[in-house]
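Q: Assembling the complex is the task here: the two chains are given apart, and the hints tell you how they should meet.
Here the protein sequences line up with chains A and B, keeping their order.
Here my numbering is used: position 175 in the first sequence is 175, and no number is missing along the way.
Here my numbering is used: position 65 in the second sequence is 391, and no number is missing along the way.
Since the hints were made in silico from the structure, they are not lab data.
On a predicted model such as this, the values are computed, not experimentally measured, just so you know.
All residues carry an ideal CB built from backbone N, CA and C; glycine is no exception.
You may find that some hints are simply not true.
Here are the computed distance ranges between Cβ atoms for each label pair [claimed, not checked]: (1) 248(A) with 550(B): 31 to 37 Å; (2) 232(A) with 598(B): 38 to 44 Å; (3) 244(A) with 594(B): 40 to 46 Å; (4) 492(B) with 81(A): 25 to 31 Å.
Pairs of lysine to aspartate or glutamate, EDC-like flavour, derived with a Cα cap of 20 Å [to be verified]: (5) 93(A) with 177(A); (6) 69(A) with 58(A); (7) 233(A) with 214(A); (8) 129(A) with 582(B); (9) 7(A) with 455(B); (10) 129(A) with 623(B); (11) 593(B) with 582(B); (12) 593(B) with 280(A); (13) 7(A) with 463(B); (14) 241(A) with 214(A); (15) 233(A) with 215(A); (16) 522(B) with 455(B); (17) 351(B) with 377(B); (18) 351(B) with 623(B).
Far from chain B by the CB rule (all over 10 Å, computed), these chain A residues [what the hints assert, rightly or not]: (19) 58; (20) 94; (21) 102; (22) 170; (23) 223; (24) 244.
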Amino acid sequence: MLQFLFKRLLQAAIVMLIISLLSFSIKDKLGDPLREMTGMSVSTAEREMLRKKMGLNDPFLVQYGRFVKKALHGDLGTSYFHKLPTMTVILKKLPATLELTFAATLIIIFTSIPLGVMAAIKPNHWFSKLIMAFSIIGISIPVFVTALALIYVFSVKLGWMPSFGRGETVHLFGYWDTNFLSKDGIMHIIMPAIALSSIMVPLFIRLVRAEMLEELSSEYVKFARAKGLSRTKVYFKHALKNTMLPVITVGGVQIGIMVAYTILTESVFQWPGMGFMFLEAVNRSDIPLIVAYIMFVGFLFVLVNTLVDLLYGIINPTVNLLGKGQ
Amino acid sequence: MKTANLSLTQQFLTSDFWYHFKHNKVAIFSAIIFFILVILALFAPLIAPFDPYNLQTLDIMDSELPPIWQEGSDSRFLFGTDDQGRDLWSTILYGMRVSLLIGILAVLLQGLIGITIGLVSGYVGGKTDSLLMRIADVQLSFSTLMVAIIILAIVQSAFGSDAFNKWAMVILILIIGLAEWPQIARTVRSSVLAEKGKEYVDAAKVMGFGSMRIMFKHILPNTLSPIFVISTVQIANAIITEASLSFLGLGMPVTEPSLGSLISIGKQYLFSGAWWITLIPGAFLVILVMVINLLGDFLRDTFNPKLYKG
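Just chain B, with the same shape it has in the complex (with noise of 0.2 Å):
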């Protein structure tokens, strides 16, 4: 075989990742769908019709107009309006493009903890591992939502509302990266106990390399694909926590909303009729939370790592 001499692109196309990719259709239609979405989220500022955040271009009597493919609705306003006269459309770009960042944020520094204390508790074993995997323990046993609905509630009491609102996104990123640190750690960890044993770890110790290096350096590259499998659910885990915690009012402020907040915002006027400020930002919710996780068993089934089974 001449891999070595291939491009990194012409590696890629012979890879069995791509060849599985090629042959699923629900993991490509998936991918398609996530990248609309993805692109949709970040080119928001110019994709949106609307400032979302701009109040002066609001008008109140634009409020609650439907959907274009129903009665009454007005041809500017594709998905109608919310309460405030807001482009929904406009709001639930921008609204995603906030809970793709939260999530995916969240998860980085979930992977930055989990993998340093999973690769320290796997290689050097012992009371440190024995510690460390029972404060995992603990901490899974105890629901991330529940602890983040009580940090965040106290948070919000001792702070006030208004530095709060200013502070959300920051703080939900710590709450949700903090709290899901274990369920990385534990997957690094057993990958690391996996790999300790094998002969190209002797032989960098015997080369005398230190634990760092050869912990970071040489192990490290051979637990990803498992981290990165555990790390598209938690990216979608994530994005629900947040979701949650927004809607539960202890979020995103309305200012700023995510798509959380939003589904709060159009929950009173469900009964109204105006269901389309509660429900087209759930469906987008939906659909979003759902392709990440469709990607996460394509990816699971591909490297098939036993994840849920260590």
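In isolation and in its complexed conformation, chain A is listed as follows (with noise of 0.2 Å):
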């Protein structure tokens, strides 16, 4: 277990790494920083002056070594655009794309395992059948369309949802707005949730019913039954506990994913959340906003995915960790 600890976490670290020098070519070779910080009355003399003074004309490496060091404790640079600190933009607007992401994630795990189940336990059903047809269809559909159509029937035609923004929310903490607490914000999160979970739901119907599938051929749940216990108890005490375990991992793993889909909700329904503001800071060219949003959502990345990882190798002593005799 510790070798395939430190195992994982060498290549977290190694991936970081590259991450880390990535953004760091984007910046060194996109952002002036002298150009923004001075206008055009300062002499090429004086420019020269201040760039000594910065260190820009320090070799790669010892530039990208102070890169990394400020990054370590936090300090990705002052965006063009805010005249903030990068990461205090990004934290601000970190709250709403989580929020967005755990209503996604609800609807996810409230209707998937259902459906999922229900596929799988009666595969003539005409209901399975629907819910089969269902997730093809779903797989085919674009997050952008969904979420579209979505604002067209019940925003402009219905006029029964609101359409963009985060509307009215509860102040948390003195640091976290927050969407739940009110029913305007309710109403506000609702339409851009379905439209992230909407791309998510099919994939999951699918492996949850495949798992459960392979799970109800399996000896143990022959015996359970042959025993005599109720079909409720095998179905959902027994069978549904071990389907969990790779739906967990593979969950882990697609709400990372799931990031680059806030991008395209939060663009469609003008949602105010890091998506959104990578997108903004796209089009002013932002540039420290842009490497410090990649240096972000890259170390998310990276986290969740050691994360579930190392869950996995816990909660599942089957597993091989180390990839041998294989």
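A: Below is the structure:
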């Protein structure tokens, strides 16, 4: 276990190193801090002085070392547009994205598990066939098309739902703005959350169904049935428990992948989260903010993946951690 | 059996594949729709009533006309017009051409890289294999869309949007192609591992053939069916990725729109009631991706290589 932990952490560190190297090269090539700091009136000689003073003429590796050292202290530069430290900007936008992801995750859990189990238990029922048909259609509809269709039907035509922004939020602990504590906030989060979950729900239905079918054909389920246990007990107490293991691991990784889809969802609903901020930064060529976002999201990915891997090793002792003897 | 004497067509008509296909209504239906869409896209210049790239034919007076089944429409425009008076039907045909082209070329690139790496990884084994598969793991753990968004954002700010728009298609194909190779590499690798121990490989080795020849001429043909299955699904994914990127303004420019850019053009007119500019290209995108996915499902069931359980 310790060896596995070490290996996994080493891999995470290498990946982070590559991400930081890439981020720094972008910053180095594209962002000229002097251009932003000084006006037209500053002479070339003065610029050169400033460059020297700021260490911009140092060798690449020296500058990179400085960048990493600062990054480890949470300093990823200052946004050109917001005139604030980039981490402050990102952390301010983080709650909106996290809440959106959280709401979408809730929808995924409470729809895909019951539907997937249903499709596995009664494969020939008309409803199961409908579920499977829905899942193949669902996989084929891009997030933004779902989002636009929702807006057209529920906001433009019926006028039931607000179509953009977070609405009224409740301030918590002096930092966190939440959507979940006011009616307006909940109304605003429903459609973005449905759109965001729409791409994942079909995937999870298929996953739950496939895993559940596998469990149902296993010996212990047959034995439990032969012993005379009721169907519901066998399905939900025994089979479902074992189905959850792969679902959780795949789910962990998928939630990381959902960050990419938040960019699409946030752009359609103008949800003031990290994804929307990133797109704005791209349009404004706000290099430090772009770089900080890449570092932050890269870190998030690596963190989630490493945790999921470690968790898998802990929950499932049969897994071959070091890939030996294969 | 006299299989060897039969012509290729006859071989095909007696194959299991054709038998399964004939008895699967969904597969027949999707195949027909798919071929219609491909033909429409392929012959777009001949079929389209207007040339959407020719700005001189546009008349601003024709802008935002609804599809012909709605009131206030013009019989010249089957699906209505967009904000600049462009015929939506023609634009969709051209857009579908761009989307399909990017999807297919990107998957060809994936196949090229994925097959080579998968073959080498599976055949050579050992340290090479574990290194290549580690890289594939890491790359797969990042979502393609995320990586593509970031790279495109950087490329766009580095070269400016004019240069970017000129090369958008090539850049999109390269990025989608490079980002998704691990999917194919893994599939190939697992088939190679299964094939490697078979006698014909040993025989080829004994006869003194080089590794290259054994890998590409002997093992590869036997791993084609899983590659075929996964490539179909990958084309659907590539089309969705391209559409998403174009929708965000990081893909095809509006002067040469794909389905994704068309949807993004219409986004702002959704509130004024001009739903067709967004939702009709959206419907075409969904149908295109869906029939490809359905065909992929059919292929997987037919060849049943247990792709997702390897």
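Q: Against each hint, give a clear statement of whether it holds in the structure.
A: Comparing the hints with the structure gives:
| no. | hint | in the structure |
| --- | --- | --- |
| 1 | 248(A) with 550(B): 31 to 37 Å | 35 Å, holds |
| 2 | 232(A) with 598(B): 38 to 44 Å | 52 Å, violated |
| 3 | 244(A) with 594(B): 40 to 46 Å | 43 Å, holds |
| 4 | 492(B) with 81(A): 25 to 31 Å | 27 Å, holds |
| 5 | 93(A) with 177(A) | 10 Å, holds |
| 6 | 69(A) with 58(A) | 16 Å, holds |
| 7 | 233(A) with 214(A) | 17 Å, holds |
| 8 | 129(A) with 582(B) | 40 Å, violated |
| 9 | 7(A) with 455(B) | 17 Å, holds |
| 10 | 129(A) with 623(B) | 15 Å, holds |
| 11 | 593(B) with 582(B) | 17 Å, holds |
| 12 | 593(B) with 280(A) | 17 Å, holds |
| 13 | 7(A) with 463(B) | 14 Å, holds |
| 14 | 241(A) with 214(A) | 13 Å, holds |
| 15 | 233(A) with 215(A) | 14 Å, holds |
| 16 | 522(B) with 455(B) | 14 Å, holds |
| 17 | 351(B) with 377(B) | 36 Å, violated |
| 18 | 351(B) with 623(B) | 13 Å, holds |
| 19 | 58 | 22 Å, holds |
| 20 | 94 | 16 Å, holds |
| 21 | 102 | 18 Å, holds |
| 22 | 170 | 28 Å, holds |
| 23 | 223 | 23 Å, holds |
| 24 | 244 | 18 Å, holds |
Hint compliance for this structure: hints 2, 8, 17 are not met, and every other hint is.
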